[in-house]
Amino acid sequence: MSSQDIPEEHLPSAQGDTHTSAVTKPAGDPFADPGLPPHEHRVQDIDERAAKRSERAVAFLFLLSMVATVGFIASYVSIPVDKNIYVFPIGHISALNFSLGLTLGVALFCIGAGAVHWARTLMSDVEVADERHAIAAEPEVKAKVLADFAAGAEESAFGRRKLIRNTMFGALALVPLSGVVLLRDLGPLPGTKLRKTAWSEGKMLINQNTNQPLRPEDIQVGSLTFAMPEGLKEEDHDFQKEIAKAALMIVRLRPENIKDKKELDWSADGIVAFSKICTHVGCPISLYEQQTHHVLCPCHQSTFDLSDGGRVIFGPAGHALPQLRIKVNDKGYLEAMGDFAEPVGPAFWERG
Amino acid sequence: MKKLSARRRHPLAAVVVLLFALAVTGGLYAAFAPADTAKADDTAAQSLAIEEGKKLYSVGCASCHGTGGQGTTDGPSLVGVGASAVDFQVGTGRMPLQQQGAQAPKKKAIYDQAEIDQLAAYIASLGAGPSVPSKDQYSPDGADIAKGGELFRTNCAQCHNFTGKGGALSNGKFAPSLEDVNPKHIYEAMQTGPQNMPSFPDTTMSEKNKKDIIAYLDTVNSSKSQSPGGLELGGLGPVSEGLFAWIFGLGALIVVAIWVAARTAKAKKS
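Keeping their order, the protein sequence lines are chains A and B.
FYI, my numbering numbers position 116 of the first sequence as 116, with every residue one higher than the one before it.
FYI, my numbering numbers position 103 of the second sequence as 103, with every residue one higher than the one before it.
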């Protein structure tokens with residue numbers, strides 16, 4: 001608001017001395033507690049019919065909740081799990097999911113809405129003032145408590161019977177040991193589990209799609225294949241545990257495109273086998289771009305260059321992707337020449 | 001049978017056998033001869049298609065891929081990519097490219113199917129490559145959907161998302177959504193590995209595997225597939241779902257709380 005908006009007579013210059021004379025000293029303390037405003041009644045406090053209406057509304061909400069709960073049980077019992085219906089804004093949805101959610105939602109909402117309506121219209125809303133009291137206890141109460149404590153200590157002979165006192169200290173000190181011993185269940189230490197995978201010398205590379213051993217001629221430049229070690233079966237009890245470390249992706253590069261000499265040495269006719277586990281936090285990575293030979297991890301965007309020894313070219317990963325050394329055996333199948341030379345997956349304390 | 005073998009020494013037996021043999025030979029000839037003429041027609045039609053395709057190629061493709069499909073700095077060589085790659089790239093409108101970029105996006109197809117077939121015939125004549133799959137190769141009928149899901153999660157889900165909704169790659173590249181993509185094009189993409197997608201040749205992913213994958217996608221990600229969860233919110237996972245719950249769920253609760261508190265229960269409205 002600019003000064004133009006203020007009428008002339010309200011400007012300080014125009015008011016002059018009338019201002020000072022108009023100020024009257026307020027009677028008493030100007031900052032005194034004004035107290036509570038007068039209590040205002042609700043319709044329901046005055047009109048018994050309105051109160052009855054409110055009561056019926058609350059009861060109706062609670063009854064609706066009961067009906068919805070019965071509806072929940074009825075839908076659970078009667079609606080088949082694979083039935084689909086069309087509901088306007090949501091689209092196609094499982095009839096069971098929809099009715100369970102709807103009835104449970106209505107049942108819970110009506111209890112809440114009923115309780116709020118009850119509290120707002122029928123429960124007493126008269127303001128109540130409660131004065132605060134000093135927190136400190138009276139001096140004589142304090143003195144009595146301290147005296148009682150001293151008397152109790154004296155009667156327990158805590159200071160006199162040193163044997164009891166010392167053994168009690170010992171017992172209390174030993175109890176937490178049970179908790180410490182339970183930490184043993186975090187073990188046993190992993191041993192070499194983080195360093196070894198299911199790969200070993202002479203194990204053939206099995207195609208995960210067909211469960212057949214891979215031949216070098218199966219793998220074309222630009223293709224992507226996933227392999228597991230020979231002898232690992234999907235029905236095996238420890239399949240998930242083993243494949244989590246042994247998962248392998250196989251691509252074929254033209255030998256002249258391989259920049260890293262070790263990678264070329266460890267390949268078979270340009271077929272390179274890399275661990276599928278990101279060295280950052282162990283996500284499975286296989287977002288392979290066949291023109292750039294880059295592999296992207298979907299979790300934190302670490303990017304590895306498969307034509308340059310699995311080198312990290314972007315992102316938080318700290319180690320190159322481990323490569324598995326492979327060769328073509330005399331039957332014409334691809335086989336591993338040993339385990340990965342370094343631990344696969346994320347780094348750990350003793351990794352070195 | 002016994003009657004027949006009893007008369008095998010009848011004077012007319014040789015004549016009957018001879019007549020029978022002649023009828024069979026004639027019948028076989030009648031059955032196969034038209035096929036031969038059709039084949040000859042096919043070859044003629046084929047070379048005509050290659051001629052036509054070459055003309056289309058010189059106009060629409062040669063500026064980037066070179067006059068003989070040998071490739072230039074603007075486009076890769078097309079020798080040996082096969083008819084399947086042409087059918088995919090031109091059939092989905094990715095080629096001809098509008099402008100150089102991170103990757104060629106799907107757009108309205110410029111050539112009709114007859115022209116695409118001619119282009120494909122020409123490119124296939126440059127070098128051996130995968131041919132366009134037939135309908136019974138890519139049709140989802142009779143495939144194992146559960147196995148297809150397993151294969152999809154092993155081979156495809158890392159880029160295309162678990163139900164084929166697509167996802168981001170590096171430097172502006174992305175894996176497109178597979179929703180309502182023609183099964184033929186899905187098959188061709190697996191076969192040829194367009195752009196940065198790796199290929200999944202029949203040697204490592206059998207024809208049956210590909211059919212299973214197409215059947216899986218047809219079940220979970222097509223206009224007729226049904227989602228038991230209702231509103232999918234793009235099927236992108238916890239980010240969109242969480243955002244929806246925080247904004248609309250919590251927002252609705254706040255609105256209700258404000259509405260309750262804003263209305264006074266007093267008889268005298270102030």
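Rather than coming from a laboratory, the hints here were simulated on the basis of the structure.
The beta carbon of each residue, even a glycine, is placed where N, CA and C say it ideally should be.
Mixed in with the good hints there might be a few duds.
So the derived label-pair ranges between C-beta atoms look like this [as the list claims (entries may be wrong)]: (1) B:G229 to A:S178: 40 to 48 Å; (2) B:A146 to A:V67: 52 to 60 Å; (3) A:R311 to B:I254: 46 to 54 Å; (4) B:A146 to A:V181: 22 to 30 Å; (5) A:G191 to B:G80: 46 to 54 Å; (6) A:N211 to B:K135: 27 to 35 Å; (7) A:S124 to B:V256: 20 to 28 Å.
As a list, the in silico DSS-like pairs of lysine-lysine whose alpha-carbon atoms are at most 25 Å apart [stated by the list, open to error]: (8) B:K173 to A:K259; (9) B:K268 to A:K83; (10) B:K268 to A:K52; (11) B:K224 to A:K83; (12) B:K208 to A:K52; (13) A:K233 to B:K224; (14) B:K268 to A:K241; (15) B:K147 to A:K233.
Cross-check of the supplied hints:
Range check, B:G229 to A:S178: about 46 Å between beta-carbon atoms, so the 40 to 48 Å window is met. Hint check: B:A146 to A:V67, Cβ distance near 40 Å, so the stated range 52 to 60 Å is violated. Evaluation of the 46 to 54 Å hint for A:R311 and B:I254 yields a pass: the beta carbon distance comes to about 50 Å. Hint check: B:A146 to A:V181, Cβ distance near 47 Å, so the stated range 22 to 30 Å is violated.
Evaluation of the 46 to 54 Å hint for A:G191 and B:G80 yields a pass: the beta carbon distance comes to about 50 Å. Range check, A:N211 to B:K135: about 28 Å between beta-carbon atoms, so the 27 to 35 Å window is met. At roughly 24 Å, the beta-carbon separation of A:S124 and B:V256 lies within the given 20 to 28 Å, and the hint holds. For the proposed pair B:K173 and A:K259, the alpha carbon gap of about 24 Å is at most 25 Å, so the pair holds.
Restraint check for B:K268 and A:K83: the C-alpha separation of about 53 Å exceeds 25 Å, so the hint is violated. Taken as a hint, the B:K268 and A:K52 pair is honoured in the structure, with Cα atoms around 19 Å apart against an allowance of 25 Å. Between the alpha carbons of B:K224 and A:K83 the distance comes to roughly 15 Å, so the proposed pair stays at or under 25 Å and holds. A threshold of 25 Å between alpha carbons decides the hint, and for B:K208 with A:K52 the separation of about 72 Å lies outside it, so the pair is violated.
Note on A:K233 and B:K224: the hinted pairing is violated, with a Cα-Cα distance of about 36 Å set against a maximum of 25 Å. For the given pair, B:K268 sits about 71 Å from A:K241 by alpha-carbon distance, which is inconsistent with the 25 Å threshold. For a cut-off of 25 Å, the pair hint linking B:K147 to A:K233 stands: about 16 Å separates their Cα positions.
The earlier numbered hints that this structure contradicts are 2, 4, 9, 12, 13, 14.
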